[in-house]
Structures are given as structure tokens and as C-alpha cells.
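S.K.: One letter stands for each residue in the lines below.
Number of protein chains: 2
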Amino acid sequence: MTTLGELGEDALIEKLVALVPREDGPAAGPGDDCAVVDDGGDVLTLLKTDALVEGVHYTADAPAEAVGWKAVARVVSDFAAMGGRARRFLVTVALPGGTEVEWAEGLYRGIGRCLVEFGAVLAGGETSSVPDGSAAVISVAATGEVDRRNLVLRSGGKPGDVVLVTGRLGGSLAGKHLSFVPRVREAGWLAGCFKPRAMMDLSDGLAKDLPRMAAASGCGFVLDAGAVPCTDGCGVEAALSDGEDFELLLAVDADRVDALTAGWHAEFPDLELTAVGRLVERGEGGVLDGGWDHFRRQDG
Amino acid sequence: MTTLGELGEDALIEKLVALVPREDGPAAGPGDDCAVVDDGGDVLTLLKTDALVEGVHYTADAPAEAVGWKAVARVVSDFAAMGGRARRFLVTVALPGGTEVEWAEGLYRGIGRCLVEFGAVLAGGETSSVPDGSAAVISVAATGEVDRRNLVLRSGGKPGDVVLVTGRLGGSLAGKHLSFVPRVREAGWLAGCFKPRAMMDLSDGLAKDLPRMAAASGCGFVLDAGAVPCTDGCGVEAALSDGEDFELLLAVDADRVDALTAGWHAEFPDLELTAVGRLVERGEGGVLDGGWDHFRRQDG
Numbered sequence: 002m003t004t005l006g007e008l009g010e011d012a013l014i015e016k017l018v019a020l021v022p023r024e025d026g027p028a029a030g031p032g033d034d035c036a037v038v039d040d041g042g043d044v045l046t047l048l049k050t051d052a053l054v055e056g057v058h059y060t061a062d063a064p065a066e067a068v069g070w071k072a073v074a075r076v077v078s079d080f081a082a083m084g085g086r087a088r089r090f091l092v093t094v095a096l097p098g099g100t101e102v103e104w105a106e107g108l109y110r111g112i113g114r115c116l117v118e119f120g121a122v123l124a125g126g127e128t129s130s131v132p133d134g135s136a137a138v139i140s141v142a143a144t145g146e147v148d149r150r151n152l153v154l155r156s157g158g159k160p161g162d163v164v165l166v167t168g169r170l171g172g173s174l175a176g177k178h179l180s181f182v183p184r185v186r187e188a189g190w191l192a193g194c195f196k197p198r199a200m201m202d203l204s205d206g207l208a209k210d211l212p213r214m215a216a217a218s219g220c221g222f223v224l225d226a227g228a229v230p231c232t233d234g235c236g237v238e239a240a241l242s243d244g245e246d247f248e249l250l251l252a253v254d255a256d257r258v259d260a261l262t263a264g265w266h267a268e269f270p271d272l273e274l275t276a277v278g279r280l281v282e283r284g285e286g287g288v289l290d291g292g293w294d295h296f297r298r299q300d301g
Numbered sequence: 002m003t004t005l006g007e008l009g010e011d012a013l014i015e016k017l018v019a020l021v022p023r024e025d026g027p028a029a030g031p032g033d034d035c036a037v038v039d040d041g042g043d044v045l046t047l048l049k050t051d052a053l054v055e056g057v058h059y060t061a062d063a064p065a066e067a068v069g070w071k072a073v074a075r076v077v078s079d080f081a082a083m084g085g086r087a088r089r090f091l092v093t094v095a096l097p098g099g100t101e102v103e104w105a106e107g108l109y110r111g112i113g114r115c116l117v118e119f120g121a122v123l124a125g126g127e128t129s130s131v132p133d134g135s136a137a138v139i140s141v142a143a144t145g146e147v148d149r150r151n152l153v154l155r156s157g158g159k160p161g162d163v164v165l166v167t168g169r170l171g172g173s174l175a176g177k178h179l180s181f182v183p184r185v186r187e188a189g190w191l192a193g194c195f196k197p198r199a200m201m202d203l204s205d206g207l208a209k210d211l212p213r214m215a216a217a218s219g220c221g222f223v224l225d226a227g228a229v230p231c232t233d234g235c236g237v238e239a240a241l242s243d244g245e246d247f248e249l250l251l252a253v254d255a256d257r258v259d260a261l262t263a264g265w266h267a268e269f270p271d272l273e274l275t276a277v278g279r280l281v282e283r284g285e286g287g288v289l290d291g292g293w294d295h296f297r298r299q300d301g
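Chain order of the listed sequences is A and Y. With our numbering applied, the first sequence corresponds to residues 2 to 301, in that order. With our numbering applied, the second sequence corresponds to residues 2 to 301, in that order.
Just so you know, the hints here were simulated from the structure itself, not pulled from any lab data. Do not take every clue at face value.
Listed below are the simulated EDC-like cross-link pairs for lysine to aspartate or glutamate, each with C-alpha atoms no more than 16 Å apart in a straight line [what the hints assert, rightly or not]:
hint	chain 1	residue 1	chain 2	residue 2
1	A	K159	A	E285
2	Y	K16	A	E127
3	Y	K16	A	E106
4	A	K159	A	E282
5	A	K196	A	D148
6	A	K16	Y	E127
7	A	K196	A	E101
8	Y	K16	A	D256
9	Y	K196	Y	D148
10	A	K196	A	D256
11	A	K196	A	D254
12	A	K16	Y	E10
13	Y	K177	Y	D233
14	A	K16	Y	E106
15	Y	K16	A	E101
16	A	K16	Y	D233
17	Y	K177	Y	E245
18	A	K196	A	E127
All chains, please: the whole structure from these sequences, using the hints.
M.R.: Written out as C-alpha cells, the structure reads:
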């Protein structure tokens, strides 16, 4: 018998999605940041689900309000990475009966604060108990929308494209993972003014997410590890593997990088945009180890 | 400090929804089976989220495929209870790393079987680990749709309406809760041909759900306990309180009940439709104890 821990997350997902009916010709593949529903109009619907697990995505002593913020902000970040915006949220909380009401209220205050900040609403939800001693689970599902002309997938990259990241990477566990501000404004500007060929948010670390973008685009990649912008106090290893950066990873036609960089610095003078590598032909380029795997763990 | 177990599920939800932004003038209240999105067209969008927790909604030795079926069927049942149908699903599974891959595959086979049966698709999802020893959580979110003229809320009942239930109640734990077939065909016929004033599915037991429908409709209720149709081998207590019947509960204008009953028996000769009580003026009628509360437990 093989366990999930032995198989690993990506192989597991591949096995599972083969067992269920899917949309014919979806606008985005199963591995993209969100599902895209194309009803033929100028605005496409986005669908996303994402969960926080106590002891995996946050510790039991994390402030409840920050956990609530994070639960919503992760999904907002996924919509932003497609060029879109969040609309309606469904929140499921599965908590032990011994949880203090005050903690649940703090959680919802954080959820509410993030929804207000990004112009979304709570449309529904569910509360359930979990057996005593079990980890709490907060599962968030949401609808979003994106103007058809602004939709950016992770699968549109081409060999020769320059790969860039926003901000600095690594060190999320020092606190950033609970308080990050999704790159909604930046992603909106990119999708509207300087449409990247491919874009995604960095949730599992560059070492895991860059290979995913390259694979979705049918490319290989080369990474210039020395160019990776590291959070103060972090080395390259941490910047590649810590995960939960929630920065944007994008692939841009090499001919447009100078113009993009100039436009970016005028619009966002305080936020770095750094070229860290390239997409190359499939089968060429490097292999990366590291990043966060939900079943294998980082050292697996 | 008050715990969730002391507060109870309904009071908790009331506290929490006050802390987050909501839609202005939603088409359905926060307590209805689904959220309703009204974009002005002839077809309304439904949104629903629902979770299964190991040790709460199923036992660790339950067949994985039946658990998957149940996870999807519960949501299909909610859409049916509004007069609608299921469309696109997002499935989040949070499992310990030691779970056998075969179990996860069985789960997805059950999910797939139910999606195919009711014409829905998987649009996306997520896998996460939970710490070893924690309960598995399967969280399902979905979009559905309903023709505007067929939409039935739980809040439309009026004093004098007759309250009816489909099928027989009680005994879900003997196995029915894992293999029930959502009343999609029956609910579609009701909504299309004999629109009830109010309808919902029975998930927490008649003792809990009838008061909810009455309260949502601004009414009281009387229950004729002797009329409640009990599953073979179950007493009235079990029929009122076991929960997870997934039968339909409806409120119908008293003048139309005879015609409805005649039409029903012609259409569904093998399924009972039983009058079990009435809605009355608010403040009148009875009080019921029992039913499933996620935090207080049945005996709480």
C-alpha cells in the first residue's frame, strides 16, 4: 500500500482528477491558480477553493484575526494572479467544540477585514465540529471575475521568455504569511497594461512553482539563483523553498522586459521587480529541488 | 470564556455573520440551503459549501467511495431543495499523510460517480495534509443554477400552510446517510409543477429543521408527531432527531394540498408524501427539542 506521504502532492492530484468528470475544453487547466468559466461574455467567472489547516498553515497560537485575513487573502491572491478580482466567498470552519467563541469571532473579524479591503462579500458558509484533538480546518471557496482581455494563465509562457518575480522571497514563517497583502493592484496593472504571457502567485516557493509554470507552458527553465531577491536575513535556499511568499511570478517576452521594467518602476517605485531566469525549450534547462509539498514535506 | 459547544451552532452562526460584509438585499437569507446570486437574468446562480468530517459525518471504516458520494450528494440535495440543479464543484480534501492512496482514489471515484449521476463536473480543488491523528475533512463547494420562476426559499411559508415531508425519516446511521439519493427529480417536479411556498432538505432532523423553516418564514408551527413517517425499525424520537434524512420538507397552501397529493401519487407512486403539521402565527404553536447541533451534540 502506498500512502499519500510517499506519493506526493502533484502525483496525487494527477491520479485523482482522472477519476472525475471535468468540463470539456476548460479555459484553464486543472493546475492553474483558479478554474475559469467561459459563458461567452466579456467577463469570465473564476472559481477557487483553498484551505488553512491548524498545524500546517498556521500554529495554534497564531492570532485568530490574522488567520482569518490569511484564509481570504490567499484566494484573493489567486484571483489577482489570473488578472482578476474576488467577488463572493463561501467559508467553512471545522472547529473542535472546545474552541472559545472569542477565537471564532476573531477569525471572522479577520475574514471580514480582508473581504472589505478587496471589495468582496461573504455569500454563505458552514460551521462543523471536528473531534476533540483534531486540527481546525478553515476552507474558503470563492467566485471571482476577470475581463476576458486581461485573463493571464500560467500556461502561456514561451521559450525565451524572461521570468520575473515581485518583491522579495523567503522568511514567510517569520510572520509575513499571516499578514501579507495580496498583489491585487500590481497584478491588475500588469494584466491591463503589460500583459505577461504567463503569471501565477508564489504559494509553495519558487523551487516548486517555477517548474510548475514551465511545465504548464510546455517549457523548461533556467534559474539564476544568484539573482533571486531574498528577504532580509534569508539565504537563497529559504527564498526558493519556504513558500507562502504570495508574490507574483511572471513570464514576459524578452523584447518587452525593458519597457515593462521602466513602467513598473514609475508605477510601483517601492516594490522590486526582478528577473530571475528564463523559460527554455522543453527538456532543456534545470531541475529544482525544494519547495513545499503538502504530503511529502519539504525534506521529503 | 464561552466555548462553541456551550453556545451551539445557530447562535454561533448569528454572531459570526454579523462580523463580515454581505451582499445588499440577497435573494436568499443567510440561513437558506444555498446563497442565490441574482444577475437579473432568467437563470439565477446558486452557491453552496458543505463539509464532511471524519468521526462526525462518517466513521473511519466507512467505504471511501460512499464517503465521496455523500460529500457531493449533500450539496446536490441543497440545490434541489431550492428548485435548482448542480453545475460545477470545487473539492478540498485535507488528509493525514499516512492515508492510503487507494482510499483517496476510492473517495474520488465516489465523487465522480455522483457528479456524473447529476450532470455536474469538477472545476477545481485542493489537497492539503492535516497533522497525523487529526480527522480528515472533505470540503465541497459548488455552483448551481435555478430558473427564476422555480426558485423556492425556506422563507416563503405562511400561517395556515400545511407542512409535508417526502419519504420516511430516521435511522440514517444504519447506512442511508452514505447512500441516499438526493431528491432532485422530486424537487424539480415540485418546483416546476406545484411550487411549494417554502422548501428545504432535512439535514439536521425534523426537530431542528422545521423550527428553522418556520422561523425563516416568520411563523410558528405545530407538529403532529403521530403522523411523522418513520423508517422501519425507528421510533418517532429517532425520526425527529437522527438527522441526515435528506428528504424534502415543504410548506404548501392548505387549499392546494389535495391536488398536490393526487399529482404526487401519479408521478411518484413509490414515494410517500406525508402531511406532518402546519405553520401558524409567530409566537403560537409548539417548541421542539432534538435534532443535530454541530457543537452542542444531540443530547446537549
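S.K.: Please go over all the hints and tell whether each is borne out by the structure.
M.R.: Comparing the hints with the structure gives:
1. A hinted pair counts as satisfied when its Cα atoms are at most 16 Å apart, and K159 of chain A with E285 of chain A qualifies at roughly 13 Å.
2. Simply put, K16 of chain Y and E127 of chain A have alpha-carbon atoms about 13 Å apart, close enough for the 16 Å limit, and the pair holds.
3. Taken as a hint, the K16 of chain Y and E106 of chain A pair is honoured in the structure, with Cα atoms around 7 Å apart against an allowance of 16 Å.
4. Of the pairs offered as hints, the one joining K159 of chain A and E282 of chain A holds, with about 8 Å between alpha carbons and a cut-off of 16 Å not exceeded.
5. The straight-line distance between the Cα atoms of K196 of chain A and D148 of chain A is roughly 12 Å, inside the 16 Å bound, and the hint therefore holds.
6. For the proposed pair K16 of chain A and E127 of chain Y, the alpha carbon gap of about 13 Å is at most 16 Å, so the pair holds.
7. Straight-line distance between C-alpha atoms of K196 of chain A and E101 of chain A comes to about 46 Å, which puts the hinted pair past the 16 Å bound.
8. A C-alpha spacing of about 55 Å is found between K16 of chain Y and D256 of chain A, which places the hinted pair above 16 Å, so the restraint is violated.
9. Of the pairs offered as hints, the one joining K196 of chain Y and D148 of chain Y holds, with about 12 Å between alpha carbons and a cut-off of 16 Å not exceeded.
10. For a cut-off of 16 Å, the pair hint linking K196 of chain A to D256 of chain A stands: about 13 Å separates their Cα positions.
11. At most 16 Å may separate the alpha-carbon atoms for a hinted pair to count; K196 of chain A and D254 of chain A meet this at roughly 10 Å.
12. Pair hint K16 of chain A plus E10 of chain Y does not hold up; C-alpha atoms about 37 Å apart against a cutoff of 16 Å.
13. Simply put, K177 of chain Y and D233 of chain Y have alpha-carbon atoms about 12 Å apart, close enough for the 16 Å limit, and the pair holds.
14. For the given pair, K16 of chain A sits about 8 Å from E106 of chain Y by alpha-carbon distance, which is consistent with the 16 Å threshold.
15. At roughly 13 Å between alpha-carbon atoms, K16 of chain Y and E101 of chain A fall within 16 Å of each other, so this suggested pair holds.
16. Taking the CA atoms of K16 of chain A and D233 of chain Y, the gap is near 41 Å; set against the 16 Å cutoff, the hint is violated.
17. At roughly 8 Å between alpha-carbon atoms, K177 of chain Y and E245 of chain Y fall within 16 Å of each other, so this suggested pair holds.
18. Taken as a hint, the K196 of chain A and E127 of chain A pair is broken in the structure, with Cα atoms around 38 Å apart against an allowance of 16 Å.
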